[in-house]
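Chains as they are written, first to last, in the numbering used here: chain A, 2 to 461; chain B, 24 to 267; chain C, -1 to 191.
Keep in mind that the hints were calculated from the coordinates and are not lab data. Any given hint could turn out to be false.
[As the list claims (entries may be wrong)] Non-contacting residues of chain B with respect to chain A, defined by C-beta distances greater than 10 angstroms in every case (computed):
hint	residue
1	Lys51
2	Phe52
3	Ser112
4	Pro116
5	Lys145
6	Leu159
7	Gly161
8	Glu169
9	Asp197
10	Gly204
11	Glu231
12	Asn254
[To be verified] Pairs of lysine to aspartate or glutamate residues, derived as EDC-like cross-links and limited to a Cα-Cα distance of at most 16 angstroms, are as follows:
hint	chain 1	residue 1	chain 2	residue 2
13	B	Lys140	B	Glu179
14	B	Lys60	A	Glu386
15	C	Lys10	A	Glu457
16	B	Lys118	B	Glu131
17	B	Lys60	A	Glu451
18	B	Lys219	A	Asp27
19	A	Lys249	C	Asp153
20	B	Lys51	B	Asp108
21	C	Lys21	A	Glu70
[As the list claims (entries may be wrong)] Not the full set, but computed from the structure, chain B residues with beta-carbon under 8 angstroms of chain A:
hint	residue
22	Phe58
23	Ala90
24	Cys207
25	Asn228
26	Gly229
Beta carbons are placed, not taken as given, at the ideal position from N, Cα and C, and that holds for glycine.
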Amino acid sequence: MKETLQDHAALSDIFNQDEPRVNWHDETLWFVRTKRDRAVNTIPEWELLRETASQIKHNVLSNLSSYLEQFEANAIANGVQVHWAADAKEHNEIVHSILKKHAVNRMVKSKSMLTEECHLNDYLAENGIEVVDTDLGERIVQLADEPPSHIVLPCIHKKKEEIGDLFHIHLGTAAGEADPQVLTEAARQDLRSAFLTRRAALTGVNFAVAETGEIVVCTNEGNADMGVHLADVHIASMGIEKLIPERKHLGFFLRLLTRSATGQPITTYSSHFKKPRPGQEMHIVLVDNGRSRQLGREDFRNSLKCIRCGACMNTCPVYRRSGGHSYQYAISGPIGSILAPNLDMKKHADLPFASTLCGSCSNVCPVKIDIHDQLYKWRQVLVKEGHVSPVKAAGMRGMAWMFSFPAFFNIAGKSGRWFMKYFPFMVNNKLNPWYKEREMPAPPKESFREWYAKREKNKK
Amino acid sequence: MRVGLFIPCYVDQFYPNAAIATLQLLEKFGVDVVFPKKQTCCGQPMANSGFSHLTGDCDELFVENFAEFDYIVCPSGSCVLHVKDHLHSAKHPEKAKEIRTRVYELVEFLTDVLEVKELKAKFPHKVGIHQSCHGLRGLKLSQMSELVAPEFSKPEALLNMVDGLELINLTRVDECCGFGGTFCVAEEAVSSKMGKDRVADHVNNGAEYITGADLSCLMHMEGILKRQKSNVKVIHIAEILNAE
Amino acid sequence: MSSRDKILAAVKASQPQLTELPKVTIPQSAEGLAERFTTVATAIGSKVYEISDLEEIKAIVSAQFNSSSRIISSLPEMQDIAETDIAQFDPHSLENVGLAILKAEIGIAENAAAWVPESNAMQRVLPFITQHLALVISKSSLVPTMHQAYEVIGDRDYGYAAFIAGPSKTADIEQSLVLGAHGPRSMTVFLLK
């Protein structure tokens, strides 16, 4: 996984050098958005479900410490071992220690954005443990040595021919084979042997029920279940915000999750893991890693309601035209842009600005997170904390000063469109980013205020 | 009824015809309209860039200019939304609060306050509506495509009163044009691409004109159309509603 | 201080004032459940057969599936075509199962999901490792939505249970739908009168 020093704008610029590919990426994700629209429009009570789910999650955030204790007690009573990790490092160490105890050096893993956030695979690799990602999309990006570019569709940035090339090298499929059916079958055969031979399986967690101590994992492929049910050890990693109060609340979230994510009425599998299989060990690792800090940020705590459906990415016109990797965080797109600055403001200062604040993300969000309002609010925080370039800061101060003096505004207007000088995008030259693909508005003979002054004079 | 005409800075400078049409349209409906000359900017470009703490003087000036009116009307959804959401005054907090409830975007003022049911306007052209995001999702001028809720569109209702006008259908009814204030230069590549795609949807569906209630988006799309040497033009909705 | 105590203390200090859980009931029509279930099931790639007797399953199975494949069933009525006791087997030994015929407890009309608790699955891995899956659902156990399904489930105890809706699938390669990702390549539902 390569580190880069470029920001979202610079990486988007590179992404946009291949316009047909941008069109393809945009249309592929827009297709998912239209599938979502079709699915949600079959549910007349959709907006009520969103509102209710949002309120349930609000209750969770307001009572999280009690729910965590309740969940822990119930999980322990169910025979599950519960661990607490304050940060990514502790999470990785806990997972490693469990594997070490069982002398396991090969593990299968189903999708878990938390383990991406914690860079678990890299950590385990350094400690001599091989991890096989079993979600097809995740397996593909793992073979390509890339991070996922989307939380639900990890390799949505890859064309089938590129995947065919990868599979040719790693799985021995025929050169030039790019049929999704054939490639999926090859992965099925390869991963089946992994499932049958690994003694430990790690899964993520979609929902954890405080009332019962059970966890729910949703997949379409069945990879989480194949891994867990054939392994001696099941490790489930979850952020502490994944809790919901009662089992019956799953009804709301499972109705919302997949319709929002892919437009399916539900994932193929919604697996409820409550107790380990006889003879099996089950571990749950509860991870904070900045979540309690975000909970304390009044303006941003609602971001913790996220159920990771990815709908905000599919609808985001910027995400569709910049690709997930331009965000340089495990969770890309609008939701990632309000989560990432909580972990590292300096590193992720570009993300809240990677938006037009169009608001479509907030409208598709199944738990009604005010995503675009939070992007706006993060901008204010990042500027105040000094994470915005001094040039921009000086320009903005000049603009603010000028706008507060009407007399100066008028003089500047008369002396030939003050706008050209003071709006950064209004200069007609090749260095101006506006001018690269757009013409300037033609300056009219007179401004409105000049016209209006004349009219007032003529009236008298 | 006394209305303070709030003309955004870039409209004043680059699109005086839209401002004139707004003024004339309101006067046609018997409204007493005044343009306070000391107005400058609502402060949105700074606030959206993260510098809302610098907009204090802008805000005070806005309150001084507009506190006296029954309504404040503006031909830009984005600027109206900014005032509605963010106008604050240390000197006159009550007045600022009042203004936030009395500031209207032109289309909503026509449909909701003046309750316009008919218009004398003629515009025999094929027109595509650009639903500007702040007008759409902020001011709720139309139903948003993401929600499961009854359809409505205030700009469409007004345009349907215009003789000879034919509205075209878009493939993506309310996608953003990519202007986004300083986003248009800070994220030039994505912004331009979004603009090109938005324009293409109108052009491919046969629009002769692209209209909307926000000139910032129209300015962006005009920049793209002109670069492409397209015959398709942008026009503010006030100019269509005022066209005879 | 342990990480547990640190996290709980930090959460407690940060969490906002307590808000109530919403009290909402979602009214649902119980009309045409079998038709709705069948429509959705078909749309997500399942085959649905309406049957009035379990014996009918055998004819359909022999017509639809390879006769040489290993069949396992939780239904004692299937013992002449299937193995019906696998409790003592190592789950890995189910690797070569061709078809599993299992009883589901609930079917949901809105999404064609079927509730299969561990006791019905025989072994947790069976509904996943089998090449093909068939579920028997009583028409009387159909409910309109997830809400009613969880009402039926209530506080029942189980070690493991799953909603299963259709065959295993993926669309990870360019959004092209492929059935048979890791689990069953096909799903057959027998709706029993």
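Here's how the hints hold up against the structure:
At roughly 16 angstroms from the closest C-beta of chain A, the C-beta of Lys51 (chain B) stays outside 10 angstroms, upholding its exclusion from the interface. With a least beta-carbon separation of about 18 angstroms from chain A, Phe52 (chain B) lies farther than 10 angstroms from that chain, consistent with its non-interface assignment. The beta carbon of Ser112 (chain B) sits about 13 angstroms from the closest Cβ of chain A, which is more than 10 angstroms, so the claim that it is off the interface holds. Pro116 (chain B), annotated as away from the interface, keeps every beta carbon of chain A farther than 10 angstroms; the closest lies near 18 angstroms.
For Lys145 (chain B), the non-interface assignment is confirmed: its Cβ lies about 24 angstroms from the closest Cβ of chain A, beyond the 10 angstroms cut-off. Its closest Cβ contact with chain A, about 8 angstroms, brings Leu159 (chain B) to no more than 10 angstroms, contrary to its assignment away from the interface. Against the 10 angstroms criterion, Gly161 (chain B) falls within the reach of chain A, whose nearest CB is about 7 angstroms from its own CB. At roughly 4 angstroms, the least C-beta separation between Glu169 (chain B) and chain A is not larger than 10 angstroms, which violates its mark as non-interface.
In this structure Asp197 (chain B) is not separated from chain A by more than 10 angstroms, as the shortest Cβ-Cβ distance comes to only about 8 angstroms. Separation of Gly204 (chain B) from chain A is inadequate, the least Cβ-Cβ distance of about 8 angstroms not exceeding the 10 angstroms criterion. Consistency note on Glu231 (chain B): stated as away from chain A, and its beta-carbon is indeed over 10 angstroms from all of that chain's, at 19 angstroms minimum. Distance check for Asn254 (chain B) against chain A: the nearest CB is about 14 angstroms away, which clears 10 angstroms, and the non-interface claim stands.
A C-alpha spacing of about 13 angstroms is found between Lys140 (chain B) and Glu179 (chain B), which places the hinted pair at or below 16 angstroms, so the restraint holds. Restraint check for Lys60 (chain B) and Glu386 (chain A): not satisfied, since their Cα atoms lie roughly 36 angstroms apart, outside the 16 angstroms limit. With a C-alpha separation of about 64 angstroms, the suggested pairing of Lys10 (chain C) with Glu457 (chain A) is violated against the 16 angstroms cut-off. With a CA separation close to 22 angstroms, the supplied pair Lys118 (chain B) and Glu131 (chain B) exceeds the 16 angstroms bound.
For the hint pairing Lys60 (chain B) with Glu451 (chain A), the CA-to-CA distance comes to about 10 angstroms; that is within 16 angstroms, so the pair holds. Using a Cα cut-off of 16 angstroms, the hinted pair Lys219 (chain B) and Asp27 (chain A) holds, with the two alpha carbons roughly 13 angstroms apart. Between Lys249 (chain A) and Asp153 (chain C) the alpha-carbon distance is near 9 angstroms, which keeps this suggested pair within the 16 angstroms criterion. As the CA atoms of Lys51 (chain B) and Asp108 (chain B) are separated by approximately 30 angstroms, the hinted pair breaks the 16 angstroms bound.
Taking the CA atoms of Lys21 (chain C) and Glu70 (chain A), the gap is near 24 angstroms; set against the 16 angstroms cutoff, the hint is violated. Proximity of Phe58 (chain B) to chain A holds as hinted, the smallest CB-CB distance being about 5 angstroms (cut-off 8 angstroms). Hint status for Ala90 (chain B) relative to chain A: violated, with the closest Cβ pair at about 15 angstroms, above 8 angstroms. Hint status for Cys207 (chain B): holds, given a least beta-carbon distance of 6 angstroms to chain A, under 8 angstroms.
A hinted interface residue such as Asn228 (chain B) counts as satisfied when its beta carbon comes closer than 8 angstroms to some beta carbon of chain A; here the least separation is about 16 angstroms, so the hint is violated. At about 21 angstroms, the closest approach between the beta carbon of Gly229 (chain B) and any beta carbon in chain A exceeds 8 angstroms, and the interface hint on this residue is violated.
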